[in-house]
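*Asks:* In order, the protein sequence lines correspond to chains A and B. Under the working numbering, think of the first position of the first sequence as 543, with each following residue one higher. Under the working numbering, think of the first position of the second sequence as 1416, with each following residue one higher.
What the hints contain is simulated information worked out from the structure, not anything from laboratory work. Just so you know, even glycine gets a beta-carbon here, dropped at the ideal spot from N, CA and C.
Quick list of the computed label-pair ranges, beta carbon to beta carbon:
{"id": "1", "chain 1": "A", "residue 1": "550", "chain 2": "B", "residue 2": "1548", "range": "39 to 47 Å"}
{"id": "2", "chain 1": "A", "residue 1": "882", "chain 2": "B", "residue 2": "1536", "range": "36 to 44 Å"}
{"id": "3", "chain 1": "B", "residue 1": "1442", "chain 2": "A", "residue 2": "998", "range": "24 to 32 Å"}
{"id": "4", "chain 1": "A", "residue 1": "789", "chain 2": "B", "residue 2": "1431", "range": "55 to 63 Å"}
{"id": "5", "chain 1": "A", "residue 1": "973", "chain 2": "B", "residue 2": "1442", "range": "25 to 33 Å"}
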Amino acid sequence: MDTLAALGHGFLVALTPYNLLWSAIGVTVGTAVGVLPGIGPALTVALLLPVTYHLEPTSAFIMFAGIYYGAMYGGSTTSILLNAPGESGSIVTAIDGHAMAKQGRGAQALATAAIGSFIAGTIATAALTFVAPLMVKMALLFGPAEYFALMVLALTTVTAVLGNSLARGLGSLFLGLALGLVGIDMQTGQARLAFGVPELLDGIDTVVVAVGLFAVGETLYVASRFRFEREEVYALKGSKWMSREDWSRSWKPWLRGTLLGFPIGALPAGGSEIPTFLSYLVEKRLAKKPEEFGHGAIEAVAGPEAANNASAAGVLAPLLSLGLPTSATAAIMLAAFQQYGLQPGPTLFDSNPELVWGMIASLYVGNVLLLLLNLPLVGMWVKLLVIPRPWLYAGILVFSTLGAYTLNNNVVDLVILWVIGLVGFGMRVLNVPVAPCVVGLILGPLAEQQFRRALAISQGDATVFITHPISAALLAIAVLLVVGPLVMRRRSRTAASDHAGKTSAV
Amino acid sequence: MTTGRSLRIGEALLGGGLFALGALIAVETMLTPSAGRGVVGPALFPYLIAAGLMLVALSLLREAFAGHIAHDAGLELDLRAVVLVAAGLAAQFLLIEYLGWIPSAALLFVAVARAFGNRRYLLNAVFGLVLAGGTFAVFNYGLDLNLPIGTVGEWFLPAE
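Looking at chain B on its own, in the form it has when it is part of the complex (with noise of 0.2 Å):
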């Protein structure tokens, strides 16, 4: 659930972490030793990027505190399937190279699964399972890309 009020910190957070992000910039372009030899040196956009987002920052904080947001009726999110994709893509990225491809792959298609509201995890592991195992073999051996097999998988590969 989320009402006007929320949205409105979103709207402030949008604001305040481009201006945060302005602030890094120019901080660590302050901080990096120019290596400038031409008429302008790298750090001049830095500078003119880092400005830009605070300026736009401070346009739509303004915006943010005026009123002006994006639902006026207020819109209603279910955080939990936001939060169960966003746990299977970390769960992916973190597990890719120790399971390898297919099953992390696989656990990711089953979260998704999950967040869109099925429940047949079985069922849905077997798809995914499928799906990235079948890319995997036409990756790996159809086109020449190295999808990793993973530390685990390297176990039950004949030693070299």
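Isolated chain A, as found in the complex (with noise of 0.2 Å):
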């Protein structure tokens, strides 16, 4: 009931005419430059925080959610008719989604990407709803030795899970959990790593990172490969509506997505890659012609963009009820919190109750809006795919240094930007996955800190750790997570070389 009310409340913030304005603004714009090839949520969200910083912290984040959700929504458009898609959750949806495109039932893949993002993202956020406040009740139960063993758990799965090599994607963890060593450290006060620069003091700025792996990096890359490559867009014809046939081939797959995409977010479980692939399956499993899918299927863009937003929202829980962020757009959002000097967690909830609700709110408000947007409104947003490739990519640049010049007004950050650029490139050549390195670094101090934290109390006894049971229990998923696949890696692999052995023999 108490949750209702501060719910209701949060209503009567988000509903105001000023901050209804800033909501419509926020979808809208996250729309168009979700749209932009090469631009996923994370970098939409990072390129957008200049734009939020006069506003006072409520409306800013009633802005944030509405480019949030207005970034998955685009994401969704230029995966299925690109077959571009700008991050990892719509990979899955670019498969039939395209396909569908090409057969000239774009309309109709936009559509159930639509309706199901609506009908996703709205049931997903009623589950925020009710799941931040016991999330909340249950961190109050942790201590600093608990969030240790969280934070590594997360920082474990968004490693582990994504990508195809665990040591790259180790390696880029460790390089962001190096890159947040910089600057002064919060406990001694003493400074780390700086090598005499004083703009360094203050630390590495994630937005920056970002904002170079993400849009310097991407740029660079694609630079690299324009002239080899050539992409199609797929116009869109005939009627704009979903048949019957075609609804009843969706609200089942829009459910199940759902389904499986909010508690997955809400675990600290890597984002939206998990859930989508995992859609993908299950809707080829119970499909009356699986044999569709890959050429078109209508479920396989239907399950996995419902999962997909699902998630979205899922990954809000952890990150506002304890300031953990699971997936590299989360960790933005984070960052822009730390901008406005909050810190999302459990104190959060009560001292900032309007912003809290008010921007959860907004969610729904925003899902509504963006259901408006994208369904009569398409046509507008395709038209933002045929902008030519050499104007895209220089505006995405101008907009990256400005986003990066203006965060603190100095050069320096212009200067790492184009360090941070120059290795994302090189990760990118390598398939080395940055998303680990962009967790890494906003996490990495954090941990740091909850760590010395739980020492301090526990008076140097390195085994509160494993003493407490449930900083254990978190402790031993996040090894398993790590040497499980390792170790089922190494059995085929005997097992393999075994049966080579025997058929030489032979």
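Take each chain as given, in its own frame, and dock them per the hints.
*Replies:* Take a look at the structure:
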């Protein structure tokens, strides 16, 4: 009951004309930027951060919520019509969505994605409304040791789950952790790895790193491959509406996708990649015509898109109630909170209920606005796809440098952006995932803080992490996630070589 | 043109770079006089991360020499375009305080457009100037953020 009262109060905040305006601007800009090829939700949020600097926090986060959801909608348009998924959560959508676009059923693919996103987004936001306060209650039981263990688990899942090589993921993670060390140590005031550069004492900004990796690194990579690749945009033609058959094939995948997306998004399990993939597999298993999968099955767009949006809401639960980012986008949102001097977590619900509940309420509002924006006006967004690439990427870099410069008004951030961009290009060429780096950068210092607090409380007794049951369990899961796949791979490799040995002996 | 062989060099660079970074962190931490008063000082995490970096780097180097590389078929890269974009960004951070935001951002715009094969310099320069001028106006007058006008730009401002 408390929750409903709080949510009602949140709606009063979100529905004031002033905040409604920011929500509308947020979803519009979020969709527009999210549609642009090469820009996923993480980069959209990072690039639009400077626009919110002059707002008071509540309106700023209402706008952010709009940008976040808008970027998710916009991203699906890009992956369906252009086969250029802007982030890992849209990869699965792109397979069948693009196949549908090729067959002239692009409008139906976009419609099932938009309606599915709306349904999943609304259900998942409702789930968020009730799960977040529960998580806050749970968080109150957590001491520093448990927080540390939880952060280790989040870092592990982001790393172990993404990409196909554990070593590459860990390399990216440790690079992020190393960047997080730079600056003044929060507890002793000692400068670390600043090399006498005063601008480095404040640390390296998460936003600069995210923009460097996602925008500059990506632009360098696309520039290097531009001469060798051709892309095709498929125009929308024929009926814009979904047929009765489309509806009947879509509604169950929407609901199943939501069921998969929200809980997995809310767990520290690396955001939207797993739920979208699971949804695809489930739909293929349950479909009447599984042979259509990969060649434009509408279920394969409806399910994963719903899962993607539901997990986007799920990710907000640990972010708001525990201060724990579980995806690159969430890491940037956390950086945005820190920019305002706010630390998400149980205390935020007490100290800034207007902000938290206003933001949650604005998610419901934003979803409705997005459905209105994306169903009738989809033709307008599609036009953004045909912006000539030279101007698109030139514009992306102008806005990236703008964002990096306006963070602290100094040139050092531009130099850092340049260096990180070149590193990002190298990572892109060598298939090193970048999300672990961004999450590591922001979680590393927080994890260190909790680690040292835990040891200060236990007076140096390092066994607190394994004598506290919750912390021990979380750490055990983290270890299993790293060691499990290694052991299994080794076993299958020895099995394979045994097999090879036998056949060659024969 | 990048063949499998130079990708392998890139792979080795990745491992080597991470190893060097780990070593740098370890040495720098050793050289910093510690102000640790708490139970755990500010040096523990740098050492842990340095050790982690070096271990991961060794594993990556082993992969590089054992032959597990990212693109088995080789990957063609247009390195001239990469250099052009990187040069545009470098020119911007070198020039922004002298020329100000508008010309330096317009220069970046032209450089990136050229890297993507667009040679209409004049048109792109106009586009870049309009974009940079527009953002300058919105950010400095609308959002109260300070994009630099540059030392050159200040000559044209009325003396205060």
